[in-house]
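A.B. asks: So the sequences go chain by chain: L and D. Here the working numbering runs 8 ahead of the position in the first sequence, where the first position is 1. Here the working numbering runs 8 ahead of the position in the second sequence, where the first position is 1.
The reader is advised that the hints may include incorrect statements.
No copy labels: a pair is met if it fits in one copy or bridges any two.
[As the list claims (entries may be wrong)] Taking lysine-lysine and the DSS-like style, the derived pairs with C-alpha atoms no more than 30 Å apart in a straight line are:
# : residue 1 : residue 2
1 : Lys40     : Lys258
2 : Lys258    : Lys314
3 : Lys32     : Lys258
4 : Lys40     : Lys363
5 : Lys198    : Lys40
6 : Lys258    : Lys282
7 : Lys32     : Lys393
8 : Lys309    : Lys32
9 : Lys233    : Lys40
Quick caveat, the hints were computed from the structure, so don't treat them as lab data. Computed from a prediction, not measured in an experiment: that's the story for all the values here.
This is what each chain is made of:
2 protein chains.
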Amino acid sequence: MRDVAIIGVSQTKFGELWDASFRKLVAEAGLKAIEDSGIEGDDIDSMFVGNMTAGLFVQQEHIASLISDHIGLNPTPCTRVEAACASGGLAVRQGIMAVASGMNDIVVSAGVEKMTDVVDPTPAIATASDQEWEAQQGATFPSLYAMMARRHMYEYGTTREQLAQFSVVNHKNAKNNPNAQYPFEISVDKVLNASVVADPLTLLDCSPVSDGAAAVVICPAEDAKKYTDTPIYVKASAQASGSIALHDRKSITTIESTKVAAKKAFDISGLTNKDIDAVEVHDCFSINGILAIEDLGFVKKGEGGKAVEEGQTERDGDFPVNPSGGLKARGHPLGATGIAQVAEIVWQLRGEAGKRQIDGAEIGMTQNIGGTGGTAAVHILGRDKN
Amino acid sequence: MRDVAIIGVSQTKFGELWDASFRKLVAEAGLKAIEDSGIEGDDIDSMFVGNMTAGLFVQQEHIASLISDHIGLNPTPCTRVEAACASGGLAVRQGIMAVASGMNDIVVSAGVEKMTDVVDPTPAIATASDQEWEAQQGATFPSLYAMMARRHMYEYGTTREQLAQFSVVNHKNAKNNPNAQYPFEISVDKVLNASVVADPLTLLDCSPVSDGAAAVVICPAEDAKKYTDTPIYVKASAQASGSIALHDRKSITTIESTKVAAKKAFDISGLTNKDIDAVEVHDCFSINGILAIEDLGFVKKGEGGKAVEEGQTERDGDFPVNPSGGLKARGHPLGATGIAQVAEIVWQLRGEAGKRQIDGAEIGMTQNIGGTGGTAAVHILGRDKN
Numbered sequence: 009m010r011d012v013a014i015i016g017v018s019q020t021k022f023g024e025l026w027d028a029s030f031r032k033l034v035a036e037a038g039l040k041a042i043e044d045s046g047i048e049g050d051d052i053d054s055m056f057v058g059n060m061t062a063g064l065f066v067q068q069e070h071i072a073s074l075i076s077d078h079i080g081l082n083p084t085p086c087t088r089v090e091a092a093c094a095s096g097g098l099a100v101r102q103g104i105m106a107v108a109s110g111m112n113d114i115v116v117s118a119g120v121e122k123m124t125d126v127v128d129p130t131p132a133i134a135t136a137s138d139q140e141w142e143a144q145q146g147a148t149f150p151s152l153y154a155m156m157a158r159r160h161m162y163e164y165g166t167t168r169e170q171l172a173q174f175s176v177v178n179h180k181n182a183k184n185n186p187n188a189q190y191p192f193e194i195s196v197d198k199v200l201n202a203s204v205v206a207d208p209l210t211l212l213d214c215s216p217v218s219d220g221a222a223a224v225v226i227c228p229a230e231d232a233k234k235y236t237d238t239p240i241y242v243k244a245s246a247q248a249s250g251s252i253a254l255h256d257r258k259s260i261t262t263i264e265s266t267k268v269a270a271k272k273a274f275d276i277s278g279l280t281n282k283d284i285d286a287v288e289v290h291d292c293f294s295i296n297g298i299l300a301i302e303d304l305g306f307v308k309k310g311e312g313g314k315a316v317e318e319g320q321t322e323r324d325g326d327f328p329v330n331p332s333g334g335l336k337a338r339g340h341p342l343g344a345t346g347i348a349q350v351a352e353i354v355w356q357l358r359g360e361a362g363k364r365q366i367d368g369a370e371i372g373m374t375q376n377i378g379g380t381g382g383t384a385a386v387h388i389l390g391r392d393k394n
Numbered sequence: 009m010r011d012v013a014i015i016g017v018s019q020t021k022f023g024e025l026w027d028a029s030f031r032k033l034v035a036e037a038g039l040k041a042i043e044d045s046g047i048e049g050d051d052i053d054s055m056f057v058g059n060m061t062a063g064l065f066v067q068q069e070h071i072a073s074l075i076s077d078h079i080g081l082n083p084t085p086c087t088r089v090e091a092a093c094a095s096g097g098l099a100v101r102q103g104i105m106a107v108a109s110g111m112n113d114i115v116v117s118a119g120v121e122k123m124t125d126v127v128d129p130t131p132a133i134a135t136a137s138d139q140e141w142e143a144q145q146g147a148t149f150p151s152l153y154a155m156m157a158r159r160h161m162y163e164y165g166t167t168r169e170q171l172a173q174f175s176v177v178n179h180k181n182a183k184n185n186p187n188a189q190y191p192f193e194i195s196v197d198k199v200l201n202a203s204v205v206a207d208p209l210t211l212l213d214c215s216p217v218s219d220g221a222a223a224v225v226i227c228p229a230e231d232a233k234k235y236t237d238t239p240i241y242v243k244a245s246a247q248a249s250g251s252i253a254l255h256d257r258k259s260i261t262t263i264e265s266t267k268v269a270a271k272k273a274f275d276i277s278g279l280t281n282k283d284i285d286a287v288e289v290h291d292c293f294s295i296n297g298i299l300a301i302e303d304l305g306f307v308k309k310g311e312g313g314k315a316v317e318e319g320q321t322e323r324d325g326d327f328p329v330n331p332s333g334g335l336k337a338r339g340h341p342l343g344a345t346g347i348a349q350v351a352e353i354v355w356q357l358r359g360e361a362g363k364r365q366i367d368g369a370e371i372g373m374t375q376n377i378g379g380t381g382g383t384a385a386v387h388i389l390g391r392d393k394n
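With the rest of the complex left out, here is chain L (with noise of 0.2 Å):
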């Protein structure tokens, strides 16, 4: 296994984009990373390409097949992989597979969702639960994490305003990403007055319906330095399964597949938490967040409402949490999550963050979550090569 650096990332801008089909997305996506890396279309030995669902919210499959062809490189292998909202972490994963196996020399991983042709996403979103014994009985994903936000109160007395603090934090860092999809501030009395989803989650707890892509160039250590100035480098990657529905675990205030993969990353890494300068969590809902923080053990079991409360996870706090506005604010156009969320910290880690450069970050991570914890794929990236 050798080592592997990521030399180009891309991120559409997230949104209701109603003048955007799906192979439009993902073209603009992988054309930018391209251009951005500095490789010819040539180079690329193969392609990967994180998506949900397209076969239910476009009414196509065989996208590998489509996103190849359609950005004219054929006869390049282009393979789609699925694992719900952590489709796109997965994308990146099997890239660096690839490249770090010898088997591939450059390698484009791209995620994707158009999420708005459909009137009503739930039926779809729900297919990443357990379908026989959640979607069909009428748990939707909204349902799903209140009860784990309900346990988290009722066992770690985590108040409310501290689920609606999350996504005010996100919305702060959102407010600096033009691609983002909200980029504007809200207060936590915004979130607590709007509209009730799934008690006690309301709207302003909730990631958003969303059409984007993303993408990133990955190539091999020893290489990169050809390619850009700014490589960054793949310090970890790791992947968990975890029990697909909720009445199946031990406990549903943690994610088990979370701390498995984090512990595979650290261990794999030699790194810690401390050594974290900015993590880019899967916060699908605000209970999520905070769920995060804990299992990828930020903060003790419990605490995390707290440290969010306090501004540990503000862009200047103790461990800034999603520069970029998070699934939350950024958007989440479900298989795009996992490759935007590299390309954050890719940004953070070069330095081009703009307004929410978090100063002198150094290492980053990622986590991506499918489902209500099923898969977790989590991403440890540094400047430096060793």
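Let chain L serve as the given structure and place chain D on it in line with the hints.
C.D. replies: Same frame as chain L, but now just chain D:
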């Protein structure tokens, strides 16, 4: 990159399996392959699963999580790959890559599709074509392949009877396959007089709607004899992309992705068509079986129909094709097919194919196609390590 072996294979019965759910099917295949290989569940480092469209067939995405959970293998990483009907072939390929890279030692790659739980599978299958430029204009899969067949007849003089004979040979082989959906013989007359699906193709030129699953267990070649006396070695794994839509191709009687992947596979393995004792090809329609033997190089372009008519593809012919019965008669649960092809070749090379055994088979090949050729996966397997 290290050499890789297959140490366990399985296939469920293919057919209209009203008593088997999606998760039951894939669990059955996975557990049988594990048993066949002699490994324990704890030995598994990661899993890949090929599936085209559980989202549209059983309203379940995130199936890799569902599967690792249902067979009790959490937190082992499990990743779904999708490439329409080539999903299984790519799942094998990802498994091979994971072991070849040194990232994993033992990998299970499975494939599954449960197609019979919807009233009409045609719209779901059509998502493998270009939705905007083909499916939305009314093109179904039989109609696309019918155009390819008609053009092949026009360009090369291929006859209606030659197409029919491809199905006849498949059924002759399937008669001896206990897992086949249609284990009985048919005649050319029967094919010609069956209901027309899309002229010139009749019902008996078309692979059926099937439920089923299959799995393989992969490990480093150097470890294979620890687990089994009859490991089968991976000589090559190749993948290529081609135009997803027919109208973008120079010719609709050649599948370029097959040609590219076959050339790569022969280059990697140092073998030629003359070395292949058995080949499983992707005959979703009879015409595609004929295109396959041409594009893989067993006969010259245009001579496939004649070769079939002359008996060259029969079990005792010059180059036996589809000893399993192929997609037409073994059945075609989309995501399972690429894995079932590999399982059949493994049984043939082990000498365990019963009444359908090709005497002395030492080297075999599989060709798995997505859509009308937007993706191709080609594998070459051998009985000897070197």
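A.B. asks: If a hint holds in the structure, say so; if it doesn't, say that too.
C.D. replies: Hint by hint, here is what the structure shows:
no.	hint	verdict
1	Lys40 - Lys258	between (44 Å within a copy, 29 Å between copies)
2	Lys258 - Lys314	within (24 Å within a copy, 63 Å between copies)
3	Lys32 - Lys258	between (43 Å within a copy, 24 Å between copies)
4	Lys40 - Lys363	within (21 Å within a copy, 56 Å between copies)
5	Lys198 - Lys40	neither (36 Å within a copy, 55 Å between copies)
6	Lys258 - Lys282	within (28 Å within a copy, 57 Å between copies)
7	Lys32 - Lys393	neither (35 Å within a copy, 46 Å between copies)
8	Lys309 - Lys32	neither (42 Å within a copy, 36 Å between copies)
9	Lys233 - Lys40	within (19 Å within a copy, 48 Å between copies)
Of the hints listed earlier, those the structure fails to meet are numbers 5, 7, 8, in rising order.
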